[in-house]
Amino acid sequence: MQSTRVAILGVDVGGTFTDAVLLDGGSVRTAKVPTAARQEDSVVAAARAVGVEAVERFAHGTTVATNALLERCGARTAYVGNAGFEHLLHLRRQTRAHLYRLCEPHPEPLVPLERCHGVRGRLGPDGELEPLDLATLPDLGDAEAAAVCLLHAYRDASHERAVAAELRRRHPGVHVVASHEVAPEFREYERASTTAADAYLAPVAARYLRALAAATGEAGLPEPLVMLSSGGVATVEEAAAHPAAILVSGPAGGVVGAGLVARRAGFENAIAFDMGGTSTDVCLLPGGRAARVAEREVGGFPIRLPTVDIHTVGAGGGSLVRRDAGGAIRVGPESAGAHPGPACYGRGGGPTVTDANLLLGRLPAELPGGLVLDRDAAAAALAGIDSEAVVEVVNAEMLRALRVVSVEQGHDPRDFALVAFGGAGPLHACALAEELGIEAVLVPNAAGVLSALGLVASDERRDRVVSHVRPLAEAGELPREGEADLRYRGQSFELTVPLQDDLAAAFHRAHEERYGYAEPGREIELVAVRTAEVVPGPALELQVTDCYKVEGPRLLELPGSTCWAPAGWSGETNADGTLVLRR
Amino acid sequence: MNVELQVVGSALRAIADEMNAVLVRSAFSANIKERRDCSTALFDEAGRMIAQAESIPVHLGAMPDAVAACLGLAGDLWILNDPYTGGTHLPDVTIVSRTALGYAVSRAHHADVGGIEPASLPAFSRTLAEEGVILEPQVLSDTVAERFVNATRQPDERRGDLRAQLAAHRLAERRVAELCERRGRERVAAAMDELYAYSERMVRAAIARLPDGRRSAEDVVEAVDGDLTVRATVEVAGEEIRIDFTGTSAQDAYNLNCPLAVTKSACYFVVRCLTEPDLPASGGAFAPVTVTAPAGCLVNARPPAAVVAGNTETSSRIVDTVFAAFGAVAQGQGTMNNVALGSDAFTYYETIGGGQGACADADGPSGVHVAMSNTLITPVEALELQYPLRVERWALRRGSAGGGARRGGDGVVRELRVLEDCRLSVLAERRAHAPRGAAGGADGAPGRTLVNGEEQPAKVTRALRAGDLLRIETPGGGGFGPPA
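Protein chains in written order, with our numbering: chain L, 1 to 583; chain P, 1 to 484.
Just so you know, these hints were derived from the structure itself, not from any lab.
Predicted, not measured: the structure shown is a model, and the values here were computed from it.
We treat Cβ as the ideally placed atom computed from N, Cα and C, and that holds for glycine.
Do not take every clue at face value.
[Unchecked claim] Which chain L residues stay away from chain P? Per the calculated CB distances, all over 12 Å, these:
1) I8
2) D41
3) A45
4) A215
5) A328
6) E366
7) D501
[Said to hold, decoys possible] Distance ranges between label pairs, derived from CB positions:
8) L:E297 with P:A360: 25 to 31 Å
9) L:G437 with P:A145: 18 to 24 Å
10) P:A362 with L:A475: 46 to 52 Å
11) P:G453 with L:P498: 49 to 55 Å
12) L:L129 with P:A360: 44 to 50 Å
[What the hints assert, rightly or not] Derived contacts from chain L toward chain P, CB cut-off under 8 Å, selection only:
13) G84
14) E86
15) E408
16) G410
For reference, chain P alone in the conformation it holds in the complex (with noise of 0.2 Å):
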């Protein structure tokens, strides 16, 4: 590779890191300031992501289909959140600009966009509208902003999170601008073009260092009226890797639902685990992997369908699948366990990890987010200086790993007091089905949802009253060969 753009694409790189960092430091939602639920990319003209500084995998195959949904669309700065065009789920608000060479994306977990539970994370939605306000792609103007924040139920904190993307997508513009000067803008441009051609060519190697061949697997997601299957079947042949989705249930009545950007951002995931696992996000990276789903199947589902639970939940399942038609895994815990809990008053939403399935020379770590996020858990001291809430606790769930030559990791469990009357909602999966173990290992166990007690089903909408304890007991991660 020519040294030169070498040198300019880490720059690039440097300015993709420097607005995520902008963007988690001045944020205002939990989910983005301590949690880091957030993303910024760089793309070129042509609508390519050149440069992405990711802080959770959900949004890496996810972030193209935004700017390609703006690109032809009149003016400078854009917002969108519709899952259908462009988006994953309604919180996830996105908004790109133009820089003085290709575009500056930014994407960001906002704690509540309105709908009909606090923090916009309902249990039994069945339509998008159900779940918050959906912002098409449009321009972003100061209407557009104050229409958006006032649809919400803390308009002032929406307000703050939509500022520091801004003070984000500034900073992008006068980056690439000043890059520009300093080095022309056509050979930034050629930087670009390799650092897309980069990607390729090593993820390309690698793929061609797998065994060709073509297997299936599948598994399921404990929807509300019962299991629903994803079924992946994977070919790679040569330096390509094919993944099909043929087989998987039609779309969920409720919102188990994945629009196809979310499906790819899963199938993304593991070909970067198994493939290379080191290199800078770039888009040329997923050249080589086509994604395929039948349409109005429940990894490729049809508008209005609801998709709250999709992004996060049926992700983790199609990550699932997809490794086990790749070969036997070990499965982790398979769920993100959101926690929602809110009023007219605060609103406040925490994944909590789990148990992450043996590799087949290691140990699964205990107490991680295992798939598709790897956000941070909220301090006990911030949460409870900040909401009507107690932490009664937090500690690792010993026990709940599957045994093998390699373990599992232990899952966790959370009790949270509510010191007020609030709305529940929990989203979580593995409640009935364990995290299988591989080759010889034994499954993880369960997770399970517990109000004063009493056990919950994995997807729960509910009231809960001042004093009510709410406990999150996480699924163990599956063994890896017998036992020695």
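So here's chain L without its partners, still in its complex pose (with noise of 0.2 Å):
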């Protein structure tokens, strides 16, 4: 590997903490700052925490786009959609939210009722039906930001094109996006969210992002890089103009860190594995890269966008046990958050995984902040559930969202290491590779800051898809490089093959492989193509000098995290200090 001169600099901004990453010359240096109200002084602080100095090159990780989605405070939204579909982003699917909560509510469309207007004119699948008429465009009153989706518009965007720019002219302080600029593909509900949520956080995103830079810069860092839901970054500017594009920015960030820490122990196959606090994130690496999907739901809202395949669970160490009236154990999807914190914080909170694995000996008297844990109090509120059952329980939720995204995607978990990080994910990770066949367990020396070493290393990355929609025969010359979206012509759902000659054999066998049977007879449909234009991030050259050995059963402490060996299991550190555990 090459050598690196220049020092590289990662922060990511979580929930509760902003860690930092600093790669210089070899050297790692790592730190953790409580999150401000104020991102961007969270990053300074961080940064400045690890040393500024001569940093050629800073990526970052923020969440602000995703709270800004939950706790509901983006821009003010208008939404311009054809006459006659202006509901559409109340209409979503029709489905209901719960089978049997009648009255269970949907998340509130980002967009008002009052604020859904329909402009004349209208496109079909094979041109113009009706001649688009800018004279009935409504005016957009105080709105700070309009979202435009037209019927068809992923195949001709004449119409919204004509129609944004109309409205940039008439109000040219508002944030228009249309929805081809942002996800050209069919299908208008998901569509439409993807391009409502890009519209309302951007004014939010790009205030950030401004002062970001602006705080950074005074710092004396280079202008950052920002991490995309697709697992690259991309500058401030890029991310300004589509924040929807980093509503998972920073669990991206994780899973970057955790194939680079499997591709440097020699491991081609991962299964990332970040249990945290409140849930559980998990993803397939397949050659050491993340999986992605081309959609996924953000708080509700289907996005359009590609995203690292991560499937998350509603469990982690913090999460609240009970037994329920059938006598069985249940573990989650509430929390003790941060405060109270679990019962044995000694805060009066409620019983949790972490109770459990400290009454199995799992945890050290004392966390490395200086707080003694209580056992006492995790056994009063444990009261007589079985400590090894409660995690033998959150261990079975685990498991089956390891399955999720291997066994049922046709991998064989027995083919990949398993990268544990997060608070918990160490502490449970063997137990589930025992389970799955999976001979090695790596647990990264920075498993507790694993976002911000992925922002070291990440690449830059430009997402592009092509909507077509049409038979492969007719599809012409396709890029050499990049992924096609294909489907037996009357099927609706898409399996994604990389692009390479002989396309049609290629999915044939895919389908086979996912569903058990293929159709060589029947015609195939081309419905998108995906490229990436990728920028290779830095080379990156670790030193570690505490290097040990670890024969189970074993309680380690690490930064930020704890990892339990069980009997059976051994390991030693490797030169970039990443445990690697064995059966």
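Hints are included, so try docking the two chains, each in its own frame, into the full complex.
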């Protein structure tokens, strides 16, 4: 590996802590500071804690967009659709929120009904049905942002372009986004939802990113690169223009970090297992790179943008434990949070997975911050619920998630290494690996700040999608690199296949692998082609001094996390400081 | 509960879910792939339902009868759609297969199964045979499959759907075998027993919390020859519920009839809403519920009565009536607004959401399916790419909700212009009778079906010419409590 002489900084802002990793000529410095109300302040504080001198590249993961979406503090946004289809964001796909709770509400759409408008003019799948009439465009009132989504714009954007141009002319202060600019793919609700979120978030994200660039510039740092949901970074201007693409920024950094750790430890295939306090993210990394999906739901809204394929479970170390009326032990989705925290924090919290781990001797008596854990409080809160059973139940949830991303996608988990991180990941990983037949568990030295490490190593990435929705045979020449979404004509769901010479044969094979059958006689439809322009991230060199060996059963305290190596597991750290545990 | 059994139980539920995902993602019928009108389940050796992945509630109670119908037969792979021996209505094609331990079941709504009208949803069928091919429970051989697909209007698409169902079964067989190997067959069998018993314990405890008593309620369906009565008497006694339909009209001369399996599904749905809405589905949940109805009545019809609208429309009314017998609730749209368009060249079927009735503590959502269905709407762009149809309006029907302290939900307006000559069938309800408000809340607006502006009856089958415009206005939900 080529050595690097320049300093590279990654700063990841989380809900509770902001993490920084600085790589300087092979030495690694990490820091954790509490997240402040103004994220840019935490970024600068974390950067200063590791040192800001001679930083050549600075990458950043942020929750600003996600928070604005979940806390509903985005812009006053208007929506313009075709006349007769104004209410699309409120109709969704017509399913109710819960099968058996009849009045359970969906999340309130980002655009209220009174700001949903229609414009006359209509395109069909094969051309114009009714000319666009810009005179029917409504006044946007005091809206700060506007989303435009017209039918069949994935194929012909002319009406959308004209509407967006007219709105920009009439309302120069309003941030206008047209659906073909952000997610040019068919299925109007999902496209409209993505566009609305993009418009809604843009003013907030732009304000933040500008403030961040100013603050970090003042601190002597270069212009930040921002982590996208796709697992690559982009410039501040690109992220500010389409903030719907940074909704999964933080978790994406962790996945990239896991891939880096696995590749450098010599494992080609890995599964990232990030178990935190309230939830757990798992992601498959075939060939050491995150699998991606074309769509993900965030806060109840479909977001049709390339996103690392993270499967999230609502259970983590802080999840509350109870026994239900049928006698089953339930873990989560309610959580003790940071306050009051698990019962063993001695602040009146309820019984949690952490308490069970403490009683099983898998946590130290005192946490790194100086918090002394109260065994009696943990035992009293669990009130006779067996700690082993609690861990088994939460592990069953984790197993299910790990199977969803591996077995259910046609991958045998035995061909993968498990990369454990997050506060509780290294505590549970070995037991899960045993269940799945996984031979190796990797615990990064930076397990507590892996997202920030991922930022350091991230590629620059710009994704593009071109909609086709036509027979593959009529597609003409396709790019040489990238992916194609294909299906048998008549199906509704596509399988994504890497672009290659005999694309049809590759699709039949993929269908056979995934669904157990192929139909070589059936016509194949090309729905979309996805390409990405990638500028590889910097080559890294890590120097680690404290190497050690481990023989299970053994409890290990790491910076920001705790590792439990059960009996039968042993291993040692590699040159990166990653602990490689094997059975 | 023993934790090992809980863990194995979670693996069984995961298998049922994975079957469902495979079926939805590889199917060809819009009903299955876009609208997820399908369910998958695992049963134990005794034919008890252990775990079910459900997209729509109408399959809840009706799947056990399908397995019961196959238990005595030779072979290890069976097919059926006969509503009188384990089915629901003919488009719902059920496959049952043996696994290493028990049975796997899939049920999916195929877009067309033959009969007198495209999409197999005729408004005026009088016998089951007019509604399509009848498959009594039988071994699924290649010959049977070919005979079935060739009796439908789109054999190629049907073949694709059957293959998707079979892919789900192969997956279940593989997964159950793996689980038995990993955990031991006896432990998996014990986990099945425990999943069943667990659901039963949970639901019994919840029923015990309901006040004991006996109440009746009545409502109507809008049949071709006039209104027919659904009467339900609900008795809560300790940990058990008995629901009886004595007093319900005799069976319909047309197709609003329900086999008892569909009636049970509707009753189970209500019990589920009122007891343990978050409990994973298992047959044990319904062990404490007894459903009876006089033979030959609308909700326990005798063969060969036609049944196609019973499954979607009468089942909605059974839900309303049983809810009413449990106490005052505002009614939702009470129909699925079934629309079928087709010719020899294409068939298209959709159901359309409307207003939910208000709850005592919440407004009713707008533009959703309200009871026995929860299927997605086909995207406008997908529909226009694939069919000779154009959508001209897809909007909330503002003002259609009933007011009150809590408002009902609004219905929707959907306009479809047909671009080729074809046949239309609409099976709908709540055209003459409005969804009722409760406790002083106002009624929702009844629905309307229009062709070129001309109002149509609740049930209609007719020809359309290229250029004709169909407009469906779905009912609003009733309000709850007097307005402030």
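To see whether the hints hold, each was checked on the structure:
For I8 of chain L, the non-interface assignment is confirmed: its Cβ lies about 41 Å from the closest Cβ of chain P, beyond the 12 Å cut-off. Interface exclusion of D41 of chain L from chain P stands, the closest Cβ pair being 40 Å apart, more than 12 Å. Separation of A45 of chain L from chain P is adequate, the least Cβ-Cβ distance of about 43 Å exceeding the 12 Å criterion. A215 of chain L, annotated as away from the interface, keeps every beta carbon of chain P farther than 12 Å; the closest lies near 43 Å.
Separation of A328 of chain L from chain P is inadequate, the least Cβ-Cβ distance of about 5 Å not exceeding the 12 Å criterion. At the 12 Å boundary, the C-beta of E366 of chain L stays outside the reach of chain P, the nearest C-beta of that chain being 30 Å off. Interface exclusion of D501 of chain L from chain P stands, the closest Cβ pair being 25 Å apart, more than 12 Å. For the pair E297 of chain L and A360 of chain P, the supplied restraint of 25 to 31 Å holds, since their beta-carbon distance comes to about 30 Å.
Separated by about 37 Å at the C-beta atoms, G437 of chain L and A145 of chain P break the suggested range of 18 to 24 Å. For A362 of chain P and A475 of chain L, the hinted distance range of 46 to 52 Å is satisfied, since their beta carbons lie about 49 Å from each other. Range check, G453 of chain P to P498 of chain L: Cβ separation about 52 Å, and the 49 to 55 Å hint holds. Between L129 of chain L and A360 of chain P the CB atoms are about 46 Å apart, so this pair conforms to the stated range of 44 to 50 Å.
Hint status for G84 of chain L: holds, given a least beta-carbon distance of 4 Å to chain P, under 8 Å. Interface hint at E86 of chain L: satisfied, since its Cβ lies 6 Å from the closest Cβ of chain P, which is below the 8 Å cut-off. Nearest Cβ of chain P to the Cβ of E408 of chain L: about 5 Å, under the 8 Å cut. The hint holds. A distance limit of 8 Å between C-beta atoms decides the matter here; for G410 of chain L the minimum to chain P is near 11 Å, and the interface restraint is violated.
In summary, the structure is inconsistent with hints 5, 9 and 16 from the numbered list given earlier, while agreeing with the others.
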